[in-house]
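Engineer: Using the hints provided, position chain B relative to the given structure of chain A.
Respectively, the protein sequence lines represent chains A and B. Per the numbering used here, the very first residue in the first sequence carries number 101; after that it's consecutive. Per the numbering used here, the very first residue in the second sequence carries number 101; after that it's consecutive.
What the hints contain is simulated information worked out from the structure, not anything from laboratory work. Source: prediction; values computed, not measured. Some hints could be false.
The list makes no distinction among identical chains, and a pair is therefore deemed to hold if it is satisfied within one copy or across any two copies.
Straight line, CA to CA, 25 Å or less: simulated SDA-like cross-link-like pairs of lysine to any residue [as the list claims (entries may be wrong)]:
1) Lys316 - Leu216
2) Lys243 - His269
3) Lys243 - Val155
4) Lys243 - Ile271
5) Lys242 - Leu118
6) Lys177 - Lys253
7) Lys272 - Gln301
8) Lys218 - Trp252
9) Lys272 - Thr304
10) Lys316 - Ile178
11) Lys272 - His307
12) Lys199 - Gly336
13) Lys210 - Leu118
14) Lys104 - Gln301
15) Lys253 - Met214
16) Lys253 - Leu118
17) Lys272 - Arg148
18) Lys272 - Asn328
There are 2 protein chains.
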Amino acid sequence: MNTKPFLHTILSPRLLELYDVTDSIVVVIDVFRATSTIATALYNGAVRVIPVASVETCIETGNATTNSITAGERDGKIIPGLQYGNSPAEYPRSFIEGKTLVLTTTNGTKLLHMALQKGASEIITGSFPNLGAVCDHLVQQKKNVILGCSAWKDRFNLEDTLFAGAVIHHIKEHFTIHCDGSLMAEEMYCAHRHDMFSFIQKTTHWHRLASYGLEKDLQYCVTENAANVLPVYKDGDLLAL
Amino acid sequence: MNTKPFLHTILSPRLLELYDVTDSIVVVIDVFRATSTIATALYNGAVRVIPVASVETCIETGNATTNSITAGERDGKIIPGLQYGNSPAEYPRSFIEGKTLVLTTTNGTKLLHMALQKGASEIITGSFPNLGAVCDHLVQQKKNVILGCSAWKDRFNLEDTLFAGAVIHHIKEHFTIHCDGSLMAEEMYCAHRHDMFSFIQKTTHWHRLASYGLEKDLQYCVTENAANVLPVYKDGDLLAL
Numbered sequence: 101m102n103t104k105p106f107l108h109t110i111l112s113p114r115l116l117e118l119y120d121v122t123d124s125i126v127v128v129i130d131v132f133r134a135t136s137t138i139a140t141a142l143y144n145g146a147v148r149v150i151p152v153a154s155v156e157t158c159i160e161t162g163n164a165t166t167n168s169i170t171a172g173e174r175d176g177k178i179i180p181g182l183q184y185g186n187s188p189a190e191y192p193r194s195f196i197e198g199k200t201l202v203l204t205t206t207n208g209t210k211l212l213h214m215a216l217q218k219g220a221s222e223i224i225t226g227s228f229p230n231l232g233a234v235c236d237h238l239v240q241q242k243k244n245v246i247l248g249c250s251a252w253k254d255r256f257n258l259e260d261t262l263f264a265g266a267v268i269h270h271i272k273e274h275f276t277i278h279c280d281g282s283l284m285a286e287e288m289y290c291a292h293r294h295d296m297f298s299f300i301q302k303t304t305h306w307h308r309l310a311s312y313g314l315e316k317d318l319q320y321c322v323t324e325n326a327a328n329v330l331p332v333y334k335d336g337d338l339l340a341l
Numbered sequence: 101m102n103t104k105p106f107l108h109t110i111l112s113p114r115l116l117e118l119y120d121v122t123d124s125i126v127v128v129i130d131v132f133r134a135t136s137t138i139a140t141a142l143y144n145g146a147v148r149v150i151p152v153a154s155v156e157t158c159i160e161t162g163n164a165t166t167n168s169i170t171a172g173e174r175d176g177k178i179i180p181g182l183q184y185g186n187s188p189a190e191y192p193r194s195f196i197e198g199k200t201l202v203l204t205t206t207n208g209t210k211l212l213h214m215a216l217q218k219g220a221s222e223i224i225t226g227s228f229p230n231l232g233a234v235c236d237h238l239v240q241q242k243k244n245v246i247l248g249c250s251a252w253k254d255r256f257n258l259e260d261t262l263f264a265g266a267v268i269h270h271i272k273e274h275f276t277i278h279c280d281g282s283l284m285a286e287e288m289y290c291a292h293r294h295d296m297f298s299f300i301q302k303t304t305h306w307h308r309l310a311s312y313g314l315e316k317d318l319q320y321c322v323t324e325n326a327a328n329v330l331p332v333y334k335d336g337d338l339l340a341l
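Extracted from the complex, chain A is given alone in its bound form:
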């Protein structure tokens, strides 16, 4: 009998509803840049990250939370009414340690709340900067896994897929994988793991963000294990395990 847990990859939030997640860990992946920034802020000593869906909630939550900052961007600029942006470079230890980051993002936050509503057994966030921590946790937990690509406005993107592939490449022997999305993701990661920064420049999201002058951010966001912490969602907060 095969007793390894299952692992599936969903390539867009729209495909989450095809899976029962009640007995699964859902890994929310939003490489450019929400989950990279979450890992970085927590790695650098943020008390917690509160992911919120709207600007209004972000401002309200910021006002109600001591020692907090609000953050969010649209089109590469800080959203009016918020204090900081989505860049991991904005959250060094000297700034973020001991603070609560209230963060609104479009794609990653949406998928996280979908997974929550569908009753996921556990929700964690993944990105290249915390690849190792995600892999170690999934292997230890021995539970079913959904690797959830946040995509861009529900459209498939490569950067989230490549991260899913990285996870699969490192932990696949511990899981039962009958999933073409996972097969493809791992193959794309293996084909580009050694030229990640040049390959990622072909993607649609890179073109979008590079036009805002964010190349350095994007290079950081595909750097493995630069902020190796595990963000776990609990009662509205993302906390470092």
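Structural biologist: Frame of chain A, contents of chain B only:
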């Protein structure tokens, strides 16, 4: 000014609604095996193929249509009440010439009807056996294109993605492509175009169908230009252009 039309790839029917298709040709792709069988039947002289969503409609349409046959499978077996299956090997010229094929399939028919409801400018079907005809037509028309993977119960599959990649590889210089799905599909096709039959054996759908003894069917379904005809949807029928 860039005057090339746009080309996008959707990896599941669930992602079709993210695109405006009213000015686009939608290519319905269901490699295993609906669109391969449609191309083969028309190539071998079928008058038309009528794609229908349900078994009931299949039987009714068959009864109302002279010189027609009804076809459809579930789990590799002919559906009770229908006459033939989904295998392209069932439709040689000696059998299908001059007949109308009334065909019910799960994934491809669903996507075709979705594209129709969304008001696609034109709907054609694509598969490896009619790759060349699809490519020639898309280049000639100079219109926006949606390559629509029928997937399996809305879950991403590799065989439809590989065919989308084949189309992109052959016609990309004629189109504007800002679409990570297309980039990935072409790369997967180029990586496997010379080992297609061995690679396809890693996919989930191959495992499902091979367990019904359909390996020979599947080999045919990844053979390029074996039935090089262009099925075009018009008023309920798929007709060879």
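Engineer: How do Lys253 and Met214 come out at 25 Å by Cα distance, when the copy is not named: within, between, both, or neither?
Structural biologist: The answer is both: 14 Å in one copy and 20 Å across copies each meet 25 Å.
Engineer: Is the C-alpha distance from Lys218 to Trp252 at most 25 Å within one copy, between copies, in both cases, or in neither?
Structural biologist: both (21 Å within a copy, 22 Å between copies)
Engineer: Is it within, between, both, or neither for Lys104 and Gln301, if the alpha carbons may be no more than 25 Å apart?
Structural biologist: Close across copies (22 Å), not inside one copy (36 Å); limit 25 Å.
Engineer: Could you figure out if Lys272 and Gln301 sit no more than 25 Å apart (CA to CA) within one copy, between two copies, both or neither?
Structural biologist: between (27 Å within a copy, 19 Å between copies)
Engineer: Which holds for Lys243 with Val155 at a C-alpha limit of 25 Å: within a copy, between copies, both or neither?
Structural biologist: neither (35 Å within a copy, 39 Å between copies)
Engineer: Go through the copies and call it for Lys242 and Leu118: within, between, both or neither, with a Cα cutoff of 25 Å.
Structural biologist: within (22 Å within a copy, 36 Å between copies)
Engineer: Is it within, between, both, or neither for Lys272 and Thr304, if the alpha carbons may be no more than 25 Å apart?
Structural biologist: between (28 Å within a copy, 16 Å between copies)
Engineer: For the identical chains here, do Lys177 and Lys253 meet the 25 Å Cα criterion within one copy, between copies, both, or neither?
Structural biologist: within (18 Å within a copy, 39 Å between copies)
Engineer: How do Lys272 and Asn328 come out at 25 Å by Cα distance, when the copy is not named: within, between, both, or neither?
Structural biologist: Answer is within: at 20 Å inside a copy they meet the 25 Å cutoff, but 40 Å across does not.
Engineer: Measure nothing new, just compare the shortest in-copy and cross-copy C-alpha distances for Lys243 and His269 to 25 Å and report within, between, both or neither.
Structural biologist: Answer is within; shortest intra-copy Cα gap is 17 Å, inter-copy 40 Å.
Engineer: When no copy is named, should Lys272 and Arg148 be tagged within, between, both, or neither for a Cα gap of at most 25 Å?
Structural biologist: neither (30 Å within a copy, 46 Å between copies)
Engineer: Is it within, between, both, or neither for Lys243 and Ile271, if the alpha carbons may be no more than 25 Å apart?
Structural biologist: Answer is within: at 13 Å inside a copy they meet the 25 Å cutoff, but 44 Å across does not.
Of the hints listed earlier, those the structure fails to meet are numbers 1, 3 and 17, in rising order.
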